[in-house]
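Assemble the dimeric complex from its two separately framed chains, guided by the hints.
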Amino acid sequence: MTVLEIAARVDARGLSCPMPIVKTAQAVKPLAPGALVEVLATDPGSERDFVAWSRATGHELVERSVDGATHRFVIRRK
Amino acid sequence: MTRTIDPIAEAIADAEGVPEAFTEAFRAPETEKQPRELVIICYSGDLEKTWASLILASTAAASGVPTKIFLTFWGLQTFVKDSVRITGQNWMQKMMSVMQRPGISHRKLSKMNFLGMGPWMMGTLAKQHGVAKPKELLEACQALGVELMPCQMTMDMFGLRREDMIEGLGEPVGAATVIELLANGAAPLFI
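If you read the protein sequences in the order shown, they are chains A and B.
Using my numbering, the letters of the first sequence map in sequence onto residues 21 to 98.
Using my numbering, the letters of the second sequence map in sequence onto residues 2 to 192.
One chain only, chain B, in its complex shape (with noise of 0.2 Å):
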């Protein structure tokens, strides 16, 4: 920049101020405006919760949102394989296993479960609608990077072995994670 002597235009300067080219020029760049992260615990293994929980993962993560699911209790019931008939190593973690099946195709309405009638109909209705099912938004979830992040508790508790899981779940972990996400401002969903 040419330094002017004239005392005139020095004043005018002064008055205006900087001028607004130069300001534009040194601004700082815009950095783009980061999604705060989404934290579901998915906590119920009911049918019609368990759809919602991959309902709003799905859409989260095809939004750009970091999403994560912290799969806990009932809810990590959903994460065994469907092949899977019977988890856990003593007599009462089986039975646990046998009085409720695991796997995300097994899911039973937790209203109007009428013997497997109700989830049928739902079933039925979601297809006549173009309503994905559960394990089609798995599938997306997984596709679109969600993080699945078993409870090691859960896993302990019910006996349940990373062989008896689906593919594509992280390490285990426990409910001090969760809450450091939290605590950092990722916005909490429990289902």
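Just chain A, same shape as in the assembly (with noise of 0.2 Å):
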């Protein structure tokens, strides 16, 4: 397994929609393509938001996991 090197995390545990991809794609915003944010969220429905954002903006979903109530996301930047 790779280790991979994160540029930007993302705390958005506790908090409902729309913030969890907000909070996101502003952090993503000022990185270099290619760079990886690490996303944490609490919101069930952030599992399904994560996945058609991925789709609508380009920035590739690399990694997706669960843990408990805590979804756990690695976005590629464009």
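These aren't lab readings, by the way, just hints derived from the structure by calculation.
Treat the hints with care, as some may be off.
[Claimed, not checked] Straight-line C-alpha distance at most 20 Å; calculated PhoX-like pairs for lysine-lysine: (1) B:K136 with B:K82; (2) B:K109 with B:K50; (3) A:K43 with B:K134; (4) B:K128 with A:K43; (5) B:K109 with B:K136; (6) B:K50 with B:K134; (7) B:K34 with A:K49; (8) B:K34 with A:K98; (9) B:K95 with B:K109; (10) B:K128 with B:K50; (11) B:K112 with B:K95; (12) B:K109 with B:K134; (13) A:K43 with B:K136; (14) B:K95 with B:K50; (15) B:K34 with B:K134.
What follows is the structure, encoded as structure tokens:
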């Protein structure tokens, strides 16, 4: 397993729609193409929203996992 | 490319068409798909509808959709500075702002307002559930480049001046500007 170099982290735990997406978009914006962003969210809807968001924006959803109520996403900037 | 003089090889090339590698190399580069523009016509000044407009606008902008909000009628009152209490030049315009306080932090529910009890409960529930308040969503919209277009006619009718309005609004425009955007294919939402 390769260790991914995370360029930015978004802690959206406890936040409801649409803030996990909004905060992630703001975190991704200043980064260089190819940079990785890790997102933690507890909004159950984020599971589907991040898939839709990555399709809409073209940023790649590299990893997706759940630990209890916490959803973790790793996104590679387009 | 070297030209073959072998009649059999020529016949094979004719039958099989142009080699794939050749067409691959000359294919026009794929242009990136530009998402359809979104225009939200923010007509209502009710708390719940303001909330909906700002949730959709911030999400659209976060998703790379070019997003504009046309602020008109009661929807424009939301974008008066919270600190401005009375707006308007004549008594009727002033009376209107007295009857319904402008500003994003002073929105009322269309139903179950109960002298502010409803909005207070909504605010408390929102906080408990990590739902961003309209003011926070507006800040996100502005940071993500949502264009806010005030309606010139509403500005005039309510006697609103530019200095009454929050920072970051675009130039006031009219219905024709909105219609042109829609005619060119922008997705409309009337809230």
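Numbered hints the structure breaks, given as an ascending list | 11, 14 and 15
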